[in-house]
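The sequence shown finishes on residue 623 if you use UniProt numbering, and the numbering steps up by one all the way, no holes.
Read the hints as simulated data drawn from the structure, not as lab findings.
Note that CB positions come from ideal geometry on N, CA and C, so glycine has one too.
Among the clues, some could well be false.
Simulated restraints, written as ranges between beta carbons of each label pair [unchecked claim]:
#1 Asp-545 to Leu-391: 49 to 57 angstroms
#2 Pro-48 to Val-345: 28 to 36 angstroms
#3 Leu-391 to Gly-491: 18 to 26 angstroms
#4 Pro-324 to Glu-190: 40 to 48 angstroms
#5 Arg-174 to Arg-363: 38 to 46 angstroms
#6 Lys-182 to Ala-426: 47 to 55 angstroms
#7 Arg-189 to Lys-163: 15 to 23 angstroms
Here are the simulated lysine-lysine pairs, DSS-like style, with alpha carbons at most 27 angstroms apart [to be verified]:
#8 Lys-5 to Lys-36
#9 Lys-336 to Lys-351
#10 Lys-466 to Lys-532
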Amino acid sequence: MANPKLKEKLALLPDSPGVYIMRDKDGQVVYVGKAKSLRQRVRSYFQPESRLAPKTAAQMRVVDELEWIVVSSAAEALVLECNLIKEYNPKYNILLRDDKHYPYLCLTMREEYPRLIMVRSVKNDGNRYFGPYVSSGAMKLTQKLLSDIFPLRSCSNQSFSRKHRPCLNFHIGRCLAPCTGKVDREKYREMCEQVALFLEGKSGAITARLQDQMQQAAAELRFEDAAVLRDRIEAVKLVQSRQNMDSGSDNRDMLAAATAGNMPELAAVQIFFVREGKVVGREHFFLQNPGGDDPGAILAAFIGQYYSGVDFIPPEICLSHEPPDPATLAEWLSAKRGGKVTLNVPKIGEKKRLLSLVEQNVRLVISREMEEKNYAAAASGEALEELRQTLDLPKAPWRIECFDNSHWQGTYTVSAMVTFLGGKPAKALYRHMRIKGETNGDDYMAMREAVARRLGWGINQRQQLKRGEIKPEEAPMAEWPDLLLIDGGKGQLAVAVDILEALQLDIPVFGLAESEEWIYRPHDSEPIILPKSSHGLQLLQRVRDEAHRFGITYQRRLREKGQKASALDNIPGIGPTRRAALLRAFGSLEQIMQASVEELSLAESMNRRAAASLYDYLHTEKQ
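Starting from the given sequences, assemble the full structure and let the hints guide the process.
If you want it as structure tokens, here you go:
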């Protein structure tokens with residue numbers, strides 16, 4: 001153990017529930033844990049190393065500081081532990097891999113006329129949240145389906161407050177035009193409640209409610225309203241008919257965990273979502289499992305991290321393995337849900353049958369991931385070692401950075417920088433740059449500016465680190481690449497070499513000429529020619545192609561943005577406000593050109609005279 005003074009703190013530990021935080025000599029958090037009794041739990045770490053699990057022994061070798069926070073209950077300790085794990089991402093905790101802010105659907109009930117919008121986080125603000133949706137495609141499909149069935153408004157609050165007449169969505173039946181007072185407020189909010197029921201999986205309740213409303217409308221001779229409700233009922237039933245995996249009559253999540261046999265640091269959890277007795281979806285997640293913990297411990301860690309960010313928690317969660325301290329987990333989940341949540345491990349019956357299917361799926365997921373990792377690791381390791389030998393590098397190039405420039409007819413010049421770590425893309429380290437100088441398509445000038453800016457970032461961050469102004473995790477550019485790859489031949493390479501030499505930086509730099517796929521080294525006119533089957537060459541090609549893709553995507557986005565605006569410039573009667581409104585309403589210049597005068601006049605800020613002028617101008621120009 002690094003700091004013997006830690007044992008002196010043991011006498012100060014309270015016999016109370018709480019969270020303990022372990023740090024290394026640099027002050028970095030390496031582990032966060034919870035305990036019903038801080039005294040008993042923390043003392044269990046201070047044993048002879050031979051009695052500790054391998055993961056715990058490795059953890060305690062680096063622990064240099066210990067602190068704790070006392071709370072009033074084990075459930076509170078669980079909440080605090082989850083929050084601290086998300087904040088610090090400790091090395092020795094089980095962590096959800098690639099933990100992202102998955103999208104939610106938010107029903108903005110705080111607004112007088114609510115909308116259904118996509119958000120990235122849940123707030124306690126009176127709105128209603130549904131999700132998270134791991135697949136943004138599934139979320140958008142749900143949103144589109146709901147807009148077809150329930151015509152909620154989709155405009156922003158700013159746009160809504162300025163409207164005085166219905167927009168296009170009203171005329172095609174996708175909005176009730178609350179902006180013009182065409183719909184009763186209570187009727188509109190009742191429709192919002194139906195949307196909420198749908199998103200909660202209570203489609204049967206929606207159907208029953210709609211049936212009552214349809215019959216009432218028919219009894220009052222409001223046949224047009226009754227027909228609309230009839231169509232809405234049929235649409236909901238159509239969605240119900242697609243959910244054909246029946247497993248009972250209640251709501252639950254089914255969770256199974258598995259670890260990789262020869263890769264214990266890799267773990268996965270599969271979830272089946274059962275709503276109203278139907279399996280309505282499934283997702284899988286990978287976790288970092290540094291200690292090779294068993295499936296029960298993995299499920300406990302997953303439940304804490306996953307359900308802390310989920311708005312809807314079902315009353316029952318079925319598990320493939322029993323987690324440690326299930327009572328505390330159930331207490332925390334119940335408090336978060338506002339109703340009882342049961343955790344159980346089914347042994348027989350229909351639940352066990354479905355859970356066996358979940359377990360089968362998670363084993364397939366982990367097997368596929370193992371195969372991909374084993375192949376990728378072998379190929380990447382071989383490629384990196386081949387590059388070390390072929391390019392005469394001091395070490396295998398773990399960090400490779402590549403630059404690629406792109407322009408369109410001498411304009412919209414951009415440069416892209418991508419980073420690969422261990423042969424794999426590290427997208428958090430990607431950067432794109434709008435080239436500031438007037439290059440007129442001069443690739444050498446663009447490359448000079450791009451490389452100089454990247455090296456400048458690194459120098460500045462290194463100086464800030466030295467002065468203690470930032471932490472290491474806040475300085476991603478402070479680490480120099482083991483290999484700097486330039487997309488181009490001898491000319492582009494020479495530009496990068498000039499900058500490195502001027503800054504007195506000793507970073508290995510090479511050029512990859514796309515035409516022949518030859519590798520060029522500084523101050524050498526003879527290329528290095530590797531066979532097409534070379535793993536090292538293939539890795540460099542992947543890095544170069546990724547830089548090209550990243551740069552082209554950014555450059556195209558800039559160009560399209562500029563073209564959208566410029567194509568509508570100088571049109572009589574179309575100023576900045578109307579131009580922006582047209583692009584919001586139609587989405588693209590192509591859609592604007594296809595619109596009729598009547599449709600153009602319905603856009604915000606437009607009138608028939610301006611619409612006719614725009615239509616004539618566009619179609620005269622087109623001809």
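Tested hints:
Between Asp-545 and Leu-391 the CB atoms are about 19 angstroms apart, so this pair departs from the stated range of 49 to 57 angstroms. For the hinted restraint 28 to 36 angstroms between Pro-48 and Val-345, the CB-CB distance of approximately 34 angstroms keeps it satisfied. For Leu-391 and Gly-491, the hinted distance range of 18 to 26 angstroms is satisfied, since their beta carbons lie about 20 angstroms from each other. At roughly 46 angstroms, the beta carbons of Pro-324 and Glu-190 sit within the given window of 40 to 48 angstroms.
The beta-carbon spacing between Arg-174 and Arg-363, approximately 44 angstroms, falls within the hinted interval of 38 to 46 angstroms. Between Lys-182 and Ala-426 the CB atoms are about 52 angstroms apart, so this pair conforms to the stated range of 47 to 55 angstroms. A C-beta distance of roughly 19 angstroms is found between Arg-189 and Lys-163, which places it inside the suggested range of 15 to 23 angstroms. Annotation: proposed proximity of Lys-5 to Lys-36 holds, straight-line Cα distance about 24 angstroms (limit 27 angstroms).
Simply put, Lys-336 and Lys-351 have alpha-carbon atoms about 24 angstroms apart, close enough for the 27 angstroms limit, and the pair holds. The straight-line distance between the Cα atoms of Lys-466 and Lys-532 is roughly 44 angstroms, outside the 27 angstroms bound, and the hint therefore fails.
The earlier numbered hints that this structure contradicts are 1, 10.
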